Every structure is written in structure tokens, then in C-alpha cells.
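If you read the protein sequences in the order shown, they are chains A and B.
Residue numbering for the first sequence follows our numbering, starting at 1 and increasing by one per position.
Residue numbering for the second sequence follows our numbering, starting at 1 and increasing by one per position.
One should not assume that every hint holds.
Claimed, not checked - Far from chain B by the CB rule (all over 10 Å, computed), these chain A residues:
#	residue
1	R237
2	L279
3	Y384
4	R400
Stated by the list, open to error - To give an idea of the interface, some chain B residues facing chain A are shown, with a C-beta separation under 10 Å as derived from the structure:
#	residue
5	F30
6	G32
7	L237
Hint data in this document are derived by calculation from the structure and do not stem from the laboratory.
For clarity, every value in this text was computed on a predicted model and none was experimentally measured.
All C-beta atoms in this analysis are idealised placements derived from N, C-alpha and C, irrespective of residue type, glycine included.
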Amino acid sequence: MGGERLSTALREALASAFVAFLLALPLVGFRLSETQQGIGIVTRFDWVAWGVACVFAGRLLMAYWRGSRADILGHLPAMPALPAVSGKAFVAIFLIFAVAMPFLPFSDRYLVEIAITVLIYVMLGWGLNIVVGLAGLLDLGYVAFYAVGAYTYALLAVNFELSFWLCLPLAGLLAALFGILLGFPVLRLRGDYLAIVTLGFGEMIRVVLLNWKDFSGGPNGITSIPRPSFFGLDFAREAEEGQTTFSAFFGLEYSPMHRIVFLYYLILVLALVTNFFTLRMRRLPVGRAWEALREDEIACRALGINPTNVKLSAFALGAMFGGFAGAFFATRQGFISPESFSFIESAVILAIVVLGGMGSQIGVVIAAAFLILVPEMLRDFSQYRMVMFGAAMVLIMLWRPQGLVAHRKPSARLEAGA
Amino acid sequence: MAATPLLSVQNVKANYGPVEALRGVSLDVFPGEIVALIGANGAGKSTLLMTICGDPRASAGRVVYDGTDITNRPLHEMVRLGIAQSPEGRRIFPRMTVFENLQMGAFAGDPANFEADVERVFRLFPRLAERREQRAGTMSGGEQQMLAIGRALMSRPRLLLLDEPSLGLAPLLVAQIFATIKEINRGEGVTVLLVEQNAYHALRLAHRGYVLVNGSIRMSGPGAELLANPDIQKAYLAGGHH
Numbered sequence: 001m002g003g004e005r006l007s008t009a010l011r012e013a014l015a016s017a018f019v020a021f022l023l024a025l026p027l028v029g030f031r032l033s034e035t036q037q038g039i040g041i042v043t044r045f046d047w048v049a050w051g052v053a054c055v056f057a058g059r060l061l062m063a064y065w066r067g068s069r070a071d072i073l074g075h076l077p078a079m080p081a082l083p084a085v086s087g088k089a090f091v092a093i094f095l096i097f098a099v100a101m102p103f104l105p106f107s108d109r110y111l112v113e114i115a116i117t118v119l120i121y122v123m124l125g126w127g128l129n130i131v132v133g134l135a136g137l138l139d140l141g142y143v144a145f146y147a148v149g150a151y152t153y154a155l156l157a158v159n160f161e162l163s164f165w166l167c168l169p170l171a172g173l174l175a176a177l178f179g180i181l182l183g184f185p186v187l188r189l190r191g192d193y194l195a196i197v198t199l200g201f202g203e204m205i206r207v208v209l210l211n212w213k214d215f216s217g218g219p220n221g222i223t224s225i226p227r228p229s230f231f232g233l234d235f236a237r238e239a240e241e242g243q244t245t246f247s248a249f250f251g252l253e254y255s256p257m258h259r260i261v262f263l264y265y266l267i268l269v270l271a272l273v274t275n276f277f278t279l280r281m282r283r284l285p286v287g288r289a290w291e292a293l294r295e296d297e298i299a300c301r302a303l304g305i306n307p308t309n310v311k312l313s314a315f316a317l318g319a320m321f322g323g324f325a326g327a328f329f330a331t332r333q334g335f336i337s338p339e340s341f342s343f344i345e346s347a348v349i350l351a352i353v354v355l356g357g358m359g360s361q362i363g364v365v366i367a368a369a370f371l372i373l374v375p376e377m378l379r380d381f382s383q384y385r386m387v388m389f390g391a392a393m394v395l396i397m398l399w400r401p402q403g404l405v406a407h408r409k410p411s412a413r414l415e416a417g418a
Numbered sequence: 001m002a003a004t005p006l007l008s009v010q011n012v013k014a015n016y017g018p019v020e021a022l023r024g025v026s027l028d029v030f031p032g033e034i035v036a037l038i039g040a041n042g043a044g045k046s047t048l049l050m051t052i053c054g055d056p057r058a059s060a061g062r063v064v065y066d067g068t069d070i071t072n073r074p075l076h077e078m079v080r081l082g083i084a085q086s087p088e089g090r091r092i093f094p095r096m097t098v099f100e101n102l103q104m105g106a107f108a109g110d111p112a113n114f115e116a117d118v119e120r121v122f123r124l125f126p127r128l129a130e131r132r133e134q135r136a137g138t139m140s141g142g143e144q145q146m147l148a149i150g151r152a153l154m155s156r157p158r159l160l161l162l163d164e165p166s167l168g169l170a171p172l173l174v175a176q177i178f179a180t181i182k183e184i185n186r187g188e189g190v191t192v193l194l195v196e197q198n199a200y201h202a203l204r205l206a207h208r209g210y211v212l213v214n215g216s217i218r219m220s221g222p223g224a225e226l227l228a229n230p231d232i233q234k235a236y237l238a239g240g241h242h
């Protein structure tokens, strides 16, 4: 028995090492370098050897863990306690922390800025969660709606001097419209096919923005996008003619932190609205139909649910929140260009949803914090950031393949006694 | 049975690509009846049920329900007409609880009836009441079948289409499920069209039966009569009664 296991483990480890060798030889083994005579090739076969040895040893160790059948799971500290703190208490602690965050003693400008970024991704994750997590429609082009929202605000604000508060709903509305536009042709598609078409859609939007110079500014993007005001009060040092600044109105000394803290609360509220709306929808027939559709489309139709309406509503609402987040992004950055809306953004948002455990709202928060904070913390090791990121993803997939928070809470319960 | 049929399938043909699955099938289901459609694997039984519901589309013939031509109406409109179905393979929502599954069954119905309908399903299947908060996917095959039928009943149908309710169930459970179908029919007055491979149970339960062979009706008659027919005994009942 033991010998057999060992030989299987050895075979698997050899196979992994071979794959690693095939990949490492061209990618690591040869390197172009500039010499006096022009460009030459430097070989680094020792690097390849080390890499292959590491993969071999790693795979063997994994097989050993597997073999002892406690699995890797048994060797890592127990994790499921996270949501088990009792959902309500966890949410309450999280909320209090989120509200108090900018005023905590350790908070500085840098931390609040990062928190804003995390919250943008939380909001995007919650928005995409409607489409992917609840309705089960794999959307790889979600960033397109983010872009639509951002450009809607930027163009309206720069060209027509409309205020942020007016543009915000417009951005959401237009993004929702694009969601329906995308939804129609893909109604009959599922799974891989749907993913490919949505991926194409996302790229289409980006390429159009990149090339339609007169409209979107092309690769130069749009600059000096107006910042939002606090109900008409600007966050400026000096007031413009006939206006009052935020600091003057409240008798505060001017500080650039005011605007950042305001942006923080703005995105916090926007994200919470997204969350609240989604939770509410889950209890309504439409929301329940989303989840049923994810489970079984034919059964849905047999029960009288029209899948067309259900899918379109999921696309439209998911896109709408992407649009809101986009408008916020534009006003926060003050500058947008198509570069901010590349496929990698869609991938990160999707990773947040999948990692969080499809359909879980708390999971999205944890995953967003993880995916945004970890690269941020690893800034000092930025050369190895992608390696560590990849290793973290592999670990998660081994550890909790169903996502961080996989438990689905029923949306309805029968009252006792009924 | 001089009354007009509740469901009338008239010379219906259907294809899967170039393959002719139904070659002109006609059958009638009268109000208050249980009609069993039996036949071997691949005879076209499930296809017929699905064609009644519009997918695959009938290439010829008509499906008339309660005096209205419903040929090739979209599947999701059937429930509003009063036709509920428990599709092949049960198709319950595995990640949802029993209660949520029933809620989905009532999707097209009047919310005012909801509580009464849940109670009715729990009375027919007390087992489901015990498991109401359990995830449907974690239940046994028999319980899932009960849920599939119960869910279909939530829309208060006049006609219930059942596809292989005995599939993969232990003999004791099969008897139990069929007893409940009888109660749904006799006690609740729901007309039932039942597709079954388990010919013995189906024909014993049904008022009338049809035998489907290679996409066309080979034989029809009262259930007891078909059950006694030597050809049917040889073809579908060999291997004993179970």
C-alpha cells in the first residue's frame, strides 16, 4: 500500500516537474541581453534547475499531505469560524469599523485612499454578484459597465457642466441600458459561450473608447473631471466667485483630507446601497427567480418563469451598479482613460466574486479586501508580487475551492406554527 | 367519457434534427382522468410530454388544451393555463431549501393562495414538512421526487404532467409515490398525464393507458385491460411485478 502510494506520488511529482521544465526553459532559461556586439542570449539553466526542483519537492509534499488524508485542510488553522461569528455580529462589527475608519488614530491619508479603492471593488463585486453569483451568468466583461458609468459622468460633467449628483443616476441608467443591450444577444448562451461573448463586449467598449478620439479623447482620456461637492459646497482652498467652500461654511481650517474623507463616505454609502438593494431583491420574486435560474433553467420555465425577463433584469441591475461605481471612480480620479478599463479589471472583479463564494455578500467584502490589500502590502516585494498572488490563489483553491463563504442563506423561512 | 377532452394531442410529429422522434401521435386526456403513457427507453415518451409544452416544437399536428390551440406555445406560458409539470430528472433546485422550492412553484400563482397551498403539499407529503428548511439537493431521491410533484402542485394546476416519477426509486417508495398521485387525482380532482417505464404500477393506477413504440401509439385502452394483455405482459412486465 505504502509503496504504491509512494510511486504514484513520485509519478505525479515527475509529471509536474516536467511541465515546470517545459514552461521554465523558454521563459526563464534564456534571456536576451545587450552586449557590445548587439543583442546576445544569456542562458540561466541553473535557475531552471532550481525551479524544477522546487516544483518537484512541492508536489511531493502535497502528495504526502494528501496521502495522510487529513488533507492540506487539516494542516492549516481552521477557517470556517469566520462567518460563524454569527452573521449579525460580524456585520455589525464590520459596519462600525467602516463608519469609524477615517477617524481612527492610525488612519492617515494613505490608508483612507486604499480603503476607498477597496470599497470601489466591494461595490463592483456586489454588482457583479447579481449577475454571476445570483443569476449564474458568467460575465467576463463587467468592466464595460464600469467604463460606461465613468465616461458618462466625465463627458457630461466636462462638456455640459452637469453636477455629480445629477450625473450619478444618469450613469447608472446608461450602464443599465448597455446591460440590456448586451443581454439581448446572449440570452440563449450559457457557460463558456456566454463568457466569451461578454469578454468580447468588454473589449469592444474599451477599443471604441480608445479609438473614437473626438468623443472620448482616445488614449489621452479625459482630464480635469470635476470633483463632487458637498451639497453645493466645494472642497477647495479658495472659494470661487459667489460660492462658499466646505471648510469656510463649517468654520474649519482647510485640509485636503476633507475631500478624501467625504469620498470615503460617498463610496461607503454607494456600496451599502448596492448591498441593501441586493439583499432586498433576493426576497422578491425577481431575485428568487435569479437564483432559481442559476440552479436550473428548464425547471424555471416549467414553473412559469420567463427566463428572458429574469436574465435581462439581472444584467441591467448588475450593470447599473457598475455604472454608479464608474461615475464615482471618474470623480475620484479626476482623470480617466481606456487603460483603467482593461480586461484585467474584469478578471479581478470576477475573482472577488468567485473567491468570496458565489452569491455571498460578506464573502465579496473579504475577498475584495484580500485581493486589493495583499498586493498593496507586498509593494516592497513588488517584483515577486505576481508570484505571491498566484501562490495565494492556488492555496485558496486547495483550501476552500467553493469560495471563502460558501454557505448560502435561505431567503425565506416558514414562520413557526404555519 | 362523453365529455370533451381536457388535453387533446392530434397527430403530432416532432424531430430532433433529422431524427423523427414522434411520427403522428394522437391521444386524449379527459377531465378527472389519470392517463398513463408507457413504452420502452427511447420510444418518445418524454419527447411527447415536452412537445406538449412546446420544446421541441411540433412539426405537424395540434395540441389542444381546454378548447384552445396551444401548439408550440412557449414553455413558461403553460403554468398560467393550468398545466403544471414535474419534468424528467425531477429538476428541483438543489441549493435552495424545500420551502424555497415550493415558493418557486408558486411563482406564477396568486400569492393569496400560497399558505393554503403549502399546507396542502405538506399534507400530501408529510415528509416534506419535516424537511422544510433542508437544502433540497441533500435529500434522498424519493424525497426529491415528492418535492418535484409538490412544487408542481403549488400553481394549482388542472392538468399535471409527470415524467417518470418512479425513476431510480426503491419499490416501497414507488408504491408510496403512486398512492399519492392517486390521492392527488381522486381527492383533489387534478387530471394527470403520467409517463412511465414502470408499466405495472402505471397501468394499475391509470384509468386509461397508451403504449408508445418508436414514436407512434401502438395500443390504447383502459389500464386494467392493457395490464391483462399478453403482448404487453411479455414486452413490459417480464421480470415480475415490482
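Index of numbered hints that the structure contradicts, given in increasing order: 5, 6 and 7
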